Amino acid sequence: MPLTTEQESRHLEKRHRKARIFAIFCAAITWSSVLLLAVLLYQVSIEGFRWLDWQFISSFPSRFPERAGIKSALVGTIWLISLVALISIPVGVSTALYLEEFAGKGKISKIIEVNIANLAGVPSIVYGILGLAIFVRFFALERSLISGALTMSLLILPVIIIASREAIKTVPQGIRNAAYSLGATKWQTTWAHVLPASFPGIMTGVILALSRSIGETAPLIMIGAMTFVAFLPEGPMDSFTAMPIQIYNWVSRPQEEFHELAAAGIIVLLAVLLVMNATAIFIRNRTERRMK
Amino acid sequence: MAQEQYPDAALASQPAEPRAARSIKKSGVLWGEFAIKSWLASCSFISIVTTAAIVILLLSETLNFFESVSPREFFFGTTWTPLFEPSSFGVLPLVWGTLIVTIGAALIAIPTGLASAIYLSEYASDRMRSIIKPVLELLAGIPTVVYGYFALTFVTPVLRNVFPDIQVFNALSAAIVVGIMVLPMVATMSDNALRAVPVSLRQGAYALGATSYEVTTRVVVPAGLSGVMASFLLAISRAIGETMAVTLAAGQTPNMSLTMFESIQTMTSYIVQVSLGDTPSGGVAYQTLFAVATLLFAITLVINIISQMILNRFREVYE
Amino acid sequence: MRYPTALLKKSVNLPLVLTITLLLGACSQQDESQESGATGAAALSGVVSLDGSSTVYPISEAVAEEFLAVAPRVRVTVGVSGTGGGFKKFLAQETDINDASRSIKDSEIEQATANGIDYLEIPVAYDGLSVVINSNNDWVDYLTMEELQLIWQPGSTVDSWDDIRPEWPSEPLRLYGPGTDSGTFDYFTETINGESGASRPDYTASEDDNVLVQGISGDEFALGFFGFAYYVENMDKLQVVPIDGGNGPIIPTETTINDGTYSPLSRPIFIYLNTASMARPEVNEFVNFYIDNAGVLASEVGYIALPDDLYQEAKDKISAL
Numbered sequence: 001m002p003l004t005t006e007q008e009s010r011h012l013e014k015r016h017r018k019a020r021i022f023a024i025f026c027a028a029i030t031w032s033s034v035l036l037l038a039v040l041l042y043q044v045s046i047e048g049f050r051w052l053d054w055q056f057i058s059s060f061p062s063r064f065p066e067r068a069g070i071k072s073a074l075v076g077t078i079w080l081i082s083l084v085a086l087i088s089i090p091v092g093v094s095t096a097l098y099l100e101e102f103a104g105k106g107k108i109s110k111i112i113e114v115n116i117a118n119l120a121g122v123p124s125i126v127y128g129i130l131g132l133a134i135f136v137r138f139f140a141l142e143r144s145l146i147s148g149a150l151t152m153s154l155l156i157l158p159v160i161i162i163a164s165r166e167a168i169k170t171v172p173q174g175i176r177n178a179a180y181s182l183g184a185t186k187w188q189t190t191w192a193h194v195l196p197a198s199f200p201g202i203m204t205g206v207i208l209a210l211s212r213s214i215g216e217t218a219p220l221i222m223i224g225a226m227t228f229v230a231f232l233p234e235g236p237m238d239s240f241t242a243m244p245i246q247i248y249n250w251v252s253r254p255q256e257e258f259h260e261l262a263a264a265g266i267i268v269l270l271a272v273l274l275v276m277n278a279t280a281i282f283i284r285n286r287t288e289r290r291m292k
Numbered sequence: 001m002a003q004e005q006y007p008d009a010a011l012a013s014q015p016a017e018p019r020a021a022r023s024i025k026k027s028g029v030l031w032g033e034f035a036i037k038s039w040l041a042s043c044s045f046i047s048i049v050t051t052a053a054i055v056i057l058l059l060s061e062t063l064n065f066f067e068s069v070s071p072r073e074f075f076f077g078t079t080w081t082p083l084f085e086p087s088s089f090g091v092l093p094l095v096w097g098t099l100i101v102t103i104g105a106a107l108i109a110i111p112t113g114l115a116s117a118i119y120l121s122e123y124a125s126d127r128m129r130s131i132i133k134p135v136l137e138l139l140a141g142i143p144t145v146v147y148g149y150f151a152l153t154f155v156t157p158v159l160r161n162v163f164p165d166i167q168v169f170n171a172l173s174a175a176i177v178v179g180i181m182v183l184p185m186v187a188t189m190s191d192n193a194l195r196a197v198p199v200s201l202r203q204g205a206y207a208l209g210a211t212s213y214e215v216t217t218r219v220v221v222p223a224g225l226s227g228v229m230a231s232f233l234l235a236i237s238r239a240i241g242e243t244m245a246v247t248l249a250a251g252q253t254p255n256m257s258l259t260m261f262e263s264i265q266t267m268t269s270y271i272v273q274v275s276l277g278d279t280p281s282g283g284v285a286y287q288t289l290f291a292v293a294t295l296l297f298a299i300t301l302v303i304n305i306i307s308q309m310i311l312n313r314f315r316e317v318y319e
Numbered sequence: 001m002r003y004p005t006a007l008l009k010k011s012v013n014l015p016l017v018l019t020i021t022l023l024l025g026a027c028s029q030q031d032e033s034q035e036s037g038a039t040g041a042a043a044l045s046g047v048v049s050l051d052g053s054s055t056v057y058p059i060s061e062a063v064a065e066e067f068l069a070v071a072p073r074v075r076v077t078v079g080v081s082g083t084g085g086g087f088k089k090f091l092a093q094e095t096d097i098n099d100a101s102r103s104i105k106d107s108e109i110e111q112a113t114a115n116g117i118d119y120l121e122i123p124v125a126y127d128g129l130s131v132v133i134n135s136n137n138d139w140v141d142y143l144t145m146e147e148l149q150l151i152w153q154p155g156s157t158v159d160s161w162d163d164i165r166p167e168w169p170s171e172p173l174r175l176y177g178p179g180t181d182s183g184t185f186d187y188f189t190e191t192i193n194g195e196s197g198a199s200r201p202d203y204t205a206s207e208d209d210n211v212l213v214q215g216i217s218g219d220e221f222a223l224g225f226f227g228f229a230y231y232v233e234n235m236d237k238l239q240v241v242p243i244d245g246g247n248g249p250i251i252p253t254e255t256t257i258n259d260g261t262y263s264p265l266s267r268p269i270f271i272y273l274n275t276a277s278m279a280r281p282e283v284n285e286f287v288n289f290y291i292d293n294a295g296v297l298a299s300e301v302g303y304i305a306l307p308d309d310l311y312q313e314a315k316d317k318i319s320a321l
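Protein chains in written order, with our numbering: chain A, 1 to 292; chain B, 1 to 319; chain C, 1 to 321.
If we strip away everything but chain A, and leave its shape as in the complex, we get:
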């Protein structure tokens, strides 16, 4: 039975009110995650701030909270990023180039693609087991920086490949065609035109992947980053510790001071991440302007 005009307009009002409530509800939930982030950062800052000074950054860990510092962990992390970058960037970008430019659309490419998508979703601890068995035991690299770096490279390789592929895809086909029409070979085109054009996009993806790898703890624990390390690694074969491991170590201790030290360590870690992310965003913005 059709509604009267009055009933209809009341019904309409109800629907619109529902829509408004819904909108406010969604907004509230979204802004609460912003609030959550603020709470988290605030919590970390007030706990860790009083420990954050030059002494903290330049001291080795110690059983005395006042003397403890993050030096070996920070340097270990920097070594790790550098080695991981050195290994994973060439391999990852090469794979992306191959898949986008050189490989056909055949079965093998499909298999590789599916493979990479799956590897991206494998839990990091499985990579840790892989690294332990292959790099530490089989290749007898022991519990060294290079074992850790190789393991972490495997971990972030799928991410780099996917991100690089996206960047390479955005290069207009016209650029390639122009090069081919001038007689360039495929590699010449790729090296001189496609790669430079996609370079910023690739860099952004790489930096984001690297920054994610900094926070990974589980694979490094499996590899055997040591508990007490009071020296700086001098070469890739040295044993090491890294910031997430040191933080985990401090959080596990029951004394309040070590929790605060952990917070200070987290601030340093977040600072490093922020720098890397800011670099990535900066590159991304500069590219977008240039392409236009």
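FYI, nobody ran anything at the bench for these hints, they're computed from the structure.
A couple of the hints might just be wrong.
In silico PhoX-like pairs for lysine-lysine, Cα to Cα no more than 20 Å straight-line [stated by the list, open to error]:
1) B/K37 / A/K169
2) A/K186 / A/K169
3) B/K37 / A/K105
For clarity, every value in this text was computed on a predicted model and none was experimentally measured.
Using the hints, position chains B and C against chain A.
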């Protein structure tokens, strides 16, 4: 001449070797091409090798494990005490631990993530987007140890004020923190999925007099459903694989209780526990590490494959 | 070619430069000690690796930290895999020294002979294995050895406090203790249950005693055990239970552990040396330093120093190598 300007074309069409082609060959360009292409191809095969290595490694040790322990005991037993005498190898408590943490996390992340995605794609202004998107990226980028720290020093004490019976190590704290961790994933991916729905669909619905609530729930979300569902599945898979936050927050007691106030052990935190003690090669205790890891790998693999399939279906619709 | 120019862009080369500077800065600090014309211990370099018991860890960590001042170029690493876990590595020659909170087992001795490893056992301190409860626990006055066995034996059905003594609250009993790779676990089970490794399995186990402290201090109905040092360091969070070993309830203190009245849970803790490693000057120096300072550092971290003649005996054994 034409042949000199287009040497590749020349090679293709001429049976005899023109001068230009010979000079290229002499200059080694083609050999270089071949070498580079081989390098690129072999890099790609590293990904296949990695998968093969994971599968071979996990499976071989797991098969060794099943020589000493019956699969029935492993999959259906309810006591997990592999390192004790008498030892028992029922993996269900670990699976249960993973399950309740994951379900708890999903209950937090999925509604919240979806609501945020709806807000971002349907209601938020560009300025608000520019604030919220980086916030979400930041939340996603925070390392898991930090979330573990947050669980121990903030979430658990707050929970204790609300539920005084709750233990120091408990599953609820872990679930909350893992939920926060995967929330950005759901939000970002669902947002992408919803934004990909053509504006014309929305406009059509508005033109018929629908409210924004009706447009969102009856048109947009159903249209972007496969992307949204894929995001749910990926978030769940990430939650299952989460290690450090759970280890710090939930402790290491295999436990099949229904309450989330007690300490539990997930598959991932068991693996960490064994490797911290580092039971070396050989022996059933070491092999349990691989058996559990294989189970974990298999579960996440299945979920990932399903979500890939759903995503591909989505891509076809809007081609 | 556009790539070299990429390096000139600030966005790329700033992080790169920062990284390189930090690395160089790190390396240069190593060179400084070389320049100071170091002699003796300070000129030593190399690696000394320790692993093993979490009970002995605080002492080894303290020694390693102090040793850094004496021989800054020697890299000492200390791991915490548990006494058993540590022995497995020690016998595979992956470590030079094993921290042990119990003596070497027969099966481990066989393994050593099979692998051709010659070792030396050195006691470094006394520990009083402490049974601890939450600070808010006001009903436990002491526990007897029989009660401990009742609680911890394999197949034990004790699930709540009133199963131990009917006058205690009928609240659930939650147990915490070291895991099976721990020497403390081996010692406790052998002393209480008569067989090393025999224990009920349903308790919160961790090789990391800090995790146990966290758990017990947060759980009103908890009961656990670990080395004395971890109790001493957390006295504000926990209560220790007096143990009646047949002579009345005794609390572990420096005195009662030293003179043996806190029994049977008093025990020596050890380090085991690989005698082949002792041929390396840095290891030799480190071990001598360890024994010289074990007394002081052990007390500092919460254990009890051995009488001086035992330390001297150890040093004689080493110089005889």
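A quick look at each hint next to the structure:
no. : hint            : verdict
1   : B/K37 / A/K169  : 19 Å, holds
2   : A/K186 / A/K169 : 16 Å, holds
3   : B/K37 / A/K105  : 16 Å, holds
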